[in-house]
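S.K.: In case you want the letters, here they are:
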Amino acid sequence: MPEFIRFDRITKFYGPLCVVENLDLGIVKGEFVSLLGPSGSGKTTLLMMLAGFEQPTSGNILLEGTAINAVPTHKRDMGVVFQSYALFPHMSVGENVAFPLQMRGVGKAEIEKRVARALDMVQLSALAERRPSQLSGGQQQRVALSRALVFEPRVVLMDEPLGALDKQLREQMQLDIRDLHRRLGLTIVFVTHDQSEALTMSDRVAVFNKGKIEQIGTPRQVYDEPATRFVAEFIGETNLVEGVVEAVEGAEANVRLTSGAQIVSAVSGTVAPGQTVYLSIRPERVDLTEIRGDARNCLETEVTDSVYQGDHLRVQLQNAAYPLIAKLGRRSREFPPGTKVYAAFSAGDCRVIAP
Amino acid sequence: MPMKITKFAFASLTILFLVAPLIAILPLAFTSSVILTYPIPSWSLRWFEELFFADAWRRAIVNSLIIGTGTTLLATVLGTAAALGLRNRLIFFRGTIRTLFLLPMVVPAVVLGVGMQVLLAGFGLTNSYAGVIIAHTVVAVPFVVVSVTGALAGIDERVELAAQSLGASPTTVFRRVTLPLAMPGVASGAVLAFATSLDEVVLTLFVAGPNQRTLARQMFSSIRENISPAIAAAAFLFIAATIIIALVVVLSRSMLAKRR
Ligand SMILES: Nc1ncnc2c1ncn2[C@@H]1O[C@H](COP(=O)(O)OP(=O)(O)O)[C@@H](O)[C@H]1O
Ligand SMILES: [Mg+2]
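In order, the protein sequence lines correspond to chains A and B. Reminder that position 312 of the first sequence reads as 312 in the numbering used here, one-by-one numbering, no gaps. All you need for the numbering used here is the position in the second sequence, starting with 1, plus 1000.
Quick caveat, the hints were computed from the structure, so don't treat them as lab data. From a predicted model like this one, the values you see are computed outputs, not experimental measurements. Even glycine gets a Cβ: it sits at the ideal position worked out from N, Cα and C. Be aware that one or more of the hints could be misleading.
[Said to hold, decoys possible] Cβ-to-Cβ under 10 angstroms is the rule here; a few derived chain A residues that face chain B:
#  : residue
1  : Ala51
2  : Gly52
3  : Gln83
4  : Ser84
5  : Leu87
6  : His90
7  : Met91
8  : Pro100
9  : Leu101
10 : Met103
11 : Leu157
[Unchecked claim] Just a sample of chain B residues kept apart from chain A, beta carbon distances all over 12 angstroms, derived:
#  : residue
12 : Thr1037
13 : Ile1040
14 : Glu1049
15 : Arg1087
16 : Ile1091
17 : Ala1121
18 : Gly1122
19 : Leu1205
20 : Ile1223
21 : Thr1242
22 : Arg1253
[Claimed, not checked] Not the full set, but computed from the structure, chain A residues with beta-carbon under 7 angstroms of chain B:
#  : residue
23 : Ala86
24 : Phe99
25 : Arg104
Looking at chain A on its own, in the form it has when it is part of the complex:
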């Protein structure tokens, strides 16, 4: 598929502070891409440059192959949704949604029809006459969404749009937005610092750290095959264990841990024998057995603590040299502290990460 949006070596400085550094990113039409990263990693800045509110210090932003750096915001035809809703307080809900259509010189009857349809889409038809201040946070955000979609923009940009909502409402809105994305075939760039939100909603996730993209891939890729230590730790929980590569065979590597144990692990990048690396092992992939089974990797450990958390059992283990965490399904038996067990996992459930 041809690229729809391209960030071409974008750099942004605020004074001496480099906020986005030589960043490349391509987005195809109809795609839902999340920019995920900790606060201050430059996600909003990148989005603001795409919307035209900020200018890159260097580099180009291309839309359908043409640079849009010089195009002012109001001619970019992008719908923006902010965390703070940013509704016009002096206009009714209906007038808010009509605004972008008025800007485009759409006829009165047509505006009425499209506003009604856009409000219907977010189940707010009954509230068209209200002022934004008379609505709840969730309702205001749905108005903002409907206002950003009513003019059928080329791209929809969202900057932590659900950040101010409580958990239950947020999860509902995540599903609603994902549904709208599929139904209307929207291209969406979505900023969030919430990893589960990014995994839930996106086709692809770009993981940001200090103004750079550490990894971009499908939710499954960034979770199961983290490319860097930062990604492994930022998305979900993981066990990180240090070791030295002994041998590499195809997509697998033999790694010797400081405790002396040998681990066979999948490799995604390039590593060379003798290199010091980290192994990332997701806690829910670790199995606990009393006898040494036939799993490729098996570490002798002792249970130090075990906490029942409703949907899973969280077990803390101590190996000779490092602590490990295992999350076991709720049907698992109890593992009281002091129990000697083997922590078993396959080579595919373990990733080599160059430090």
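Position chain B with the ligands relative to chain A; hints supplied.
M.R.: Leaving out everything else, chain B with the ligands in the frame of chain A:
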């Protein structure tokens, strides 16, 4: 309990202290006597008649209205423009410039008066309406700047960004979003500017000629020449105007609050 009574008594005394001059002067507006003293022999509206039909008083009222209106227009336009300009984050010494705009509030009026007199004479504007309006505008602008700045500060910048992204050019954003949201501040600034002009005596003494005697100026001179109760009637007019103005300000403020 005694604490409560003390508080109440203290508050009452303070209010009495503040309104005592009003209580002293206002009833005299309705006296039938020819001198400005108590006791009041009988009630009458003759001094209001005097106010509206005696030439000197009538001209003073008209002058006040002309100068007040001129000052309001000029000060509101300048003050609003200044407040809008001071929003720009790229302006150097923004804080210093803002303080400069507020300076006329604290500079002694006599100092301004002397300066104005010299300056306006240089332009040949003494003894003219334009001169008085300019002088009044200098002291009225700070009120507009403060009031409009307050209203602008309450506008979420992202609302204006959102308008841009929805297809509004910068001028359209100003017309459809910024100005309507700042309007209550502009309105109360305008009202305060009018009130300032109405009340201003010191600068007027320095720059106005005999043809620009305002109501306040006329009261000031007539209380020295002949102590006629027409002064009390004029004071009554002032109070009435002030109350109306205060009501307008309060209403526009509450309108602003309701929108948020
Ligand atoms: N207008 C600005 N002026 C100066 N620094 C800014 C400005 N906007 C953002 N920054 C800085 O840029 C960095 C990245 O900010 P931002 O893009 O908002 O991060 P994120 O959205 O990932 O939390 C932060 O350190 C922030 O302080
Ligand atoms: Mg942000």
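S.K.: All the hints need checking, so say for each whether the structure fits it.
M.R.: Now the hints, each set against the structure:
1. For Ala51 of chain A, the shortest C-beta to C-beta distance to chain B is roughly 6 angstroms, which falls under 10 angstroms, so the interface hint holds.
2. Interface hint status for Gly52 of chain A: upheld, as the beta-carbon distance to the closest one in chain B is roughly 8 angstroms, under 10 angstroms.
3. Satisfaction of the interface hint for Gln83 of chain A is found here, the shortest Cβ-Cβ separation to chain B being roughly 9 angstroms, below the 10 angstroms cut-off.
4. Checking Ser84 of chain A against chain B by beta carbon gives a least distance of about 5 angstroms; that is within 10 angstroms, so the hint holds.
5. For Leu87 of chain A, the suggested interface contact is upheld, since its CB lies about 7 angstroms from the closest CB of chain B, less than 10 angstroms.
6. Hint status for His90 of chain A: holds, given a least beta-carbon distance of 5 angstroms to chain B, under 10 angstroms.
7. Taken as an interface hint, Met91 of chain A checks out: its beta carbon lies about 9 angstroms from the nearest beta carbon of chain B, inside 10 angstroms.
8. Interface hint at Pro100 of chain A: satisfied, since its Cβ lies 4 angstroms from the closest Cβ of chain B, which is below the 10 angstroms cut-off.
9. Satisfaction of the interface hint for Leu101 of chain A is found here, the shortest Cβ-Cβ separation to chain B being roughly 9 angstroms, below the 10 angstroms cut-off.
10. A hinted interface residue such as Met103 of chain A counts as satisfied when its beta carbon comes closer than 10 angstroms to some beta carbon of chain B; here the least separation is about 3 angstroms, so the hint holds.
11. Contact between Leu157 of chain A and chain B, as hinted, is supported at the beta carbon level, the nearest pair being about 8 angstroms apart and thus within 10 angstroms.
12. For Thr1037 of chain B, the non-interface assignment is confirmed: its Cβ lies about 54 angstroms from the closest Cβ of chain A, beyond the 12 angstroms cut-off.
13. The Cβ of Ile1040 of chain B sits about 51 angstroms from the closest Cβ of chain A, beyond the 12 angstroms cut-off, so the non-interface label holds.
14. Under the 12 angstroms C-beta cut-off, the non-interface status given to Glu1049 of chain B relative to chain A holds; the minimum distance is some 46 angstroms.
15. At the 12 angstroms boundary, the C-beta of Arg1087 of chain B stays outside the reach of chain A, the nearest C-beta of that chain being 16 angstroms off.
16. Under the 12 angstroms C-beta cut-off, the non-interface status given to Ile1091 of chain B relative to chain A holds; the minimum distance is some 17 angstroms.
17. The Cβ of Ala1121 of chain B lies farther than 12 angstroms from every Cβ of chain A, with a closest approach of about 46 angstroms, so its non-interface assignment holds.
18. For Gly1122 of chain B, the shortest C-beta to C-beta distance to chain A comes to about 45 angstroms, beyond the 12 angstroms cut-off, and the non-interface label holds.
19. With a cut of 12 angstroms on Cβ distances, Leu1205 of chain B stays outside the contact zone with chain A, its closest approach being about 43 angstroms.
20. For Ile1223 of chain B, the non-interface assignment is confirmed: its Cβ lies about 47 angstroms from the closest Cβ of chain A, beyond the 12 angstroms cut-off.
21. The Cβ of Thr1242 of chain B sits about 29 angstroms from the closest Cβ of chain A, beyond the 12 angstroms cut-off, so the non-interface label holds.
22. The Cβ of Arg1253 of chain B lies farther than 12 angstroms from every Cβ of chain A, with a closest approach of about 15 angstroms, so its non-interface assignment holds.
23. For Ala86 of chain A, the shortest C-beta to C-beta distance to chain B is roughly 4 angstroms, which falls under 7 angstroms, so the interface hint holds.
24. Given hint, Phe99 of chain A at the interface with chain B, holds; its Cβ is 6 angstroms from that chain's nearest Cβ, closer than 7 angstroms.
25. Because the beta carbon of Arg104 of chain A sits about 6 angstroms from the nearest beta carbon in chain B, less than 7 angstroms, this interface hint is met.
Checked against the numbered hints above, the structure violates none of them.
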